[in-house]
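Residue numbers (the numbering used here), protein chains in the order written: chain A, 1 to 362; chain B, 1001 to 1352; chain C, 2001 to 2223.
One thing to keep in mind: the hints can contain errors.
What the hints assert, rightly or not - Computed list of lysine-lysine pairs in DSSO-like fashion (alpha-carbon distance at most 27 Å, straight line):
#1 B:K1288 - A:K253
#2 C:K2193 - B:K1064
#3 B:K1328 - B:K1147
#4 B:K1224 - C:K2214
#5 A:K48 - C:K2173
#6 C:K2214 - A:K233
#7 B:K1061 - C:K2193
#8 C:K2173 - A:K278
#9 C:K2214 - A:K337
Claimed, not checked - One-sided and incomplete, this derived list gives chain A residues near chain B with beta-carbon spacing under 7 Å:
#10 T238
#11 K278
#12 R321
#13 G326
Because the hints were derived from the structure by calculation, they are not lab data.
Cβ atoms here follow ideal geometry from the backbone N, Cα and C, with glycine treated the same way.
Each chain, written out:
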Amino acid sequence: MSRRIRGDPWKWLLFVLGGGFLAYICVCPESIPLPSTGVSAASDYPAKSPLGLIDPDIPQDNPMSAAKIELGKQLYFDKRLSVDNTVSCATCHDPKMGFAEHEKVSIGVQGKKGNRNAPTSLNAALYDLQFWDGRAPSLEEQAKGPIVNPVEMAMPSLDSHLVEKLKKVPEYQKTFGEVFKEGITADNVARAIAAYERTLLAGDSPFDRYFYGKEENAISPAAKRGLEVFREKGRCMTCHEILPSFALFTDNKFHNAGVGMDKPNPDLGRYLVTKEEKDTGAFKTSSLRNIAITAPYMHDGSEPTLESVVDLYDKGGIPNRYLDGGIRPLNLAEQEKKDLVEFMKTLTSPEVEKIGGPHPPQ
Amino acid sequence: MKRKFTRREFLKVSAQGAAAAGLASLLDGFGLPSTRSAEASPAVQPFTFAYISDAHLYEEKLNKRFVRSIEKAVADVNALNPQPDFVLFGGDLAQLGQKGELDLGKKILEGVRAKRYMMVGEHDWYLDMGEHWRELFGPDTYSFDHKGVHCVVLNSVIVEDYWTAPKLTPMERMKAMAQLDNPNGRPFTVGEAQRDWLKKDLSKVPLDTPLIVFSHSPLYKYYKNWNFWTDDAEQFQAILARFPRVSVIHAHTHQLLTNRIGNIEFHGVLSTAWPWPYGPKGLPRFTKQQDRADPFDQFDGCGWGTVEVLANGGVNKNYNLWGRKPMKVTDEWLSTVNEASLPDPYEVGPHY
Amino acid sequence: MKIRYASVLLLILVAVGLVAFSLAAFGSPSGNVKSLGLIPCTEDVSSLAPGGRVFKVCDGETKVVIQVPDSENTGRMSKETAQEVADLLMQEWTKMKQMKAQDAPMVLAHKGEPHARRETRTWDMELDNAVKEGYRAFHDSSLGTNGISCDMCHPDAMDNHPQTYPKFQTQLKKVALLRDMINWCIENPLEGKKLADDDPKMKALETYILWANKGEALLPGKH
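Given these sequences and hints, build the entire structure.
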């Protein structure tokens, strides 16, 4: 045989390459290029982000891999992460409802109500900070919150209860072992979920095709007029950013529009995190991507429709001592308000419910 | 044995007495500085007062944002707990000195819960030479005592008459005074009449009494082109030189501004309406500059503030900049810092 | 020649004397006295369309023209105004004489021909007028609807930083030119209607802002 290989240079080459490849995939499992699993290009990894977005930051200690993403997705839909097996992440962040829900505030185990509206997981990877008040600096940190929140999934603890519960699932023992050196830990649960969430990128909307793709007919004339209002008279764009190369529709800052400040015991928002008086009643600027499918709106779900949100801003927000100085009455004409709403409807990505790949039934 | 007091001795003693008295009054005039006392003046009870300033109101139908700003300041001051001993309004309540503007300002300030003291600015004065302002608020120059501190309120926006000769209309005069960068403007002064009044007023004040002087113009010389300037500053400062603790709280400059000259510490107050850039020269080294404002936010760079009067008669100055962390200048720092150790603001880069 | 110069000098002294020793009756606020420039002696002053009161001194070739716009044509001016007129006459006269006398480096025109003094004077005058136009617009609250004018936040065009454009302008969310920011300010703090890029008022505002920041090094992109 050796004489034959030696004699035949092509077979020798193949032998070397094949051996090399085998060695490679055995030694470095995480660097295998992934097969395509879904409609959105975001499930390919390393992915090119959809039109209108940028790539999310990947933390050093949580590189992406197909296996990790799959594990994260399983956990995301797994009701066993709640104390009584009734609530998963996807309960309040439902792909069929834009990875959010149509409730004003989220309802957790045993019908317990929270005080804030569930933000969409779509494009959440692109925020600097997570939660309405920015208290979590990463998706990983955010993922841990609801699991132990008594009015959400209500697990008594992460390290003992959650981890012990997951260890009893043989499949998780196996998958965690394959993906993570340390196996099942609270941090690794969070890492897996975060990795999955980093694939939930929803761009390539009609707006993106018009604005970045230069497709003149991608949006209606009304929406085009609405875009002008958004950028000029409406003063929306300064906080809900559209940049020349991509649009996150958020400035990643915190502003007080007065929402909830006229009720007793208002939610003080960012103030609860920073304890700076200037942050009283301030909440993170939401991205407006896919906004048309994620009603109701604002941190407390108090605005039922896009029209009502536009009216809120048109009148200058809700007066209170800490109202942001950039907010003021806009004096929009009726047509301008309608056009603004038409514009916001163009921010919905196609086939949102397919983003992140086929989803297990709830 | 009792010696009779000879005439010679009597003359000697009287002469000495007269000489002493004469010397004292001479010193009074020259205002030689005395050493600063760092100890608590026994008569001072520490207290806090608040300020709102430079509202520059137009009538509401023309401009709502300035109304919104002063109302915001009133709401903020009213929310203080405990309430300040009094609230001082620093001048420029109106933008063009018009009756409607001053009346609007008075109405809004009546919402302040605490006791109010008013001070005049050039924007209030030069339409009708202060006639309506005085009708609404009383004298433009006065003094009062509070918890061991002697407070003086001045009209320090007196300028030389340059309108009578060319027969400017009142509104022309007002607009000339209202334009900060008016190249034909005249510098602010306290003026001889008020300086004389001040000397008389202070002659009754014991030397160890801390003084607070409220003024619209800064009472020193910062940047003449914008009338961040008081032309007779040196004469004014001389009158105060013999008092160990003097704090000047002034308006007009719409920015965080701090200075110290001899025994006097100078603190500017914020405007509710808009912030001004720092002058291209003359900015005192003691000033910790506020950052440039974001014009998207109508409140940025603006605000109100409080002054804590301390047991030693000095003040801590608090700047409540809206939408920003508050900034503070303490007496402890300002009265002891070595000026030469502070960087030249024009090398550091002024914040404009 | 000497007699000519002597008579001219006498003329100057007389003019200065008349002006300086007038007492106040009508007058104008300081700063209202201005030079209308230099024109040939043969030209009539009315071509400069001045209002008010006009003073001129001629050296046989060129005359210096000074205007007091708000003044009546007769009667006494205030002492201050009279002094200003005298000062300005002297100043402009001296400048003119220096210009004529010295070998000033000439900016070469095309085709190797030096620029005529008429041309360089014209440039200065035209620029001066354009800057003044811009100064007026900069101080004009009718650009907006709420009584605010540019100079209220930007005295002497301070804090405009025209030398840092083009740059990414935070409020506009894109790389902007000076005129884009001017328009943004008109719409937002001044609550007015934006100007077309080629609107004469926009050009005037840019002219004044750039002129007021003369000498600043270009630093596009600097925040």
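The hints, checked one at a time:
{"no.": "1", "hint": "B:K1288 - A:K253", "verdict": "holds (26 Å)"}
{"no.": "2", "hint": "C:K2193 - B:K1064", "verdict": "holds (17 Å)"}
{"no.": "3", "hint": "B:K1328 - B:K1147", "verdict": "holds (23 Å)"}
{"no.": "4", "hint": "B:K1224 - C:K2214", "verdict": "holds (20 Å)"}
{"no.": "5", "hint": "A:K48 - C:K2173", "verdict": "holds (24 Å)"}
{"no.": "6", "hint": "C:K2214 - A:K233", "verdict": "violated (33 Å)"}
{"no.": "7", "hint": "B:K1061 - C:K2193", "verdict": "holds (18 Å)"}
{"no.": "8", "hint": "C:K2173 - A:K278", "verdict": "holds (24 Å)"}
{"no.": "9", "hint": "C:K2214 - A:K337", "verdict": "violated (44 Å)"}
{"no.": "10", "hint": "T238", "verdict": "holds (5 Å)"}
{"no.": "11", "hint": "K278", "verdict": "holds (5 Å)"}
{"no.": "12", "hint": "R321", "verdict": "holds (6 Å)"}
{"no.": "13", "hint": "G326", "verdict": "holds (5 Å)"}
Checked against the numbered hints given earlier, the structure breaks hints 6 and 9 and satisfies all the rest.
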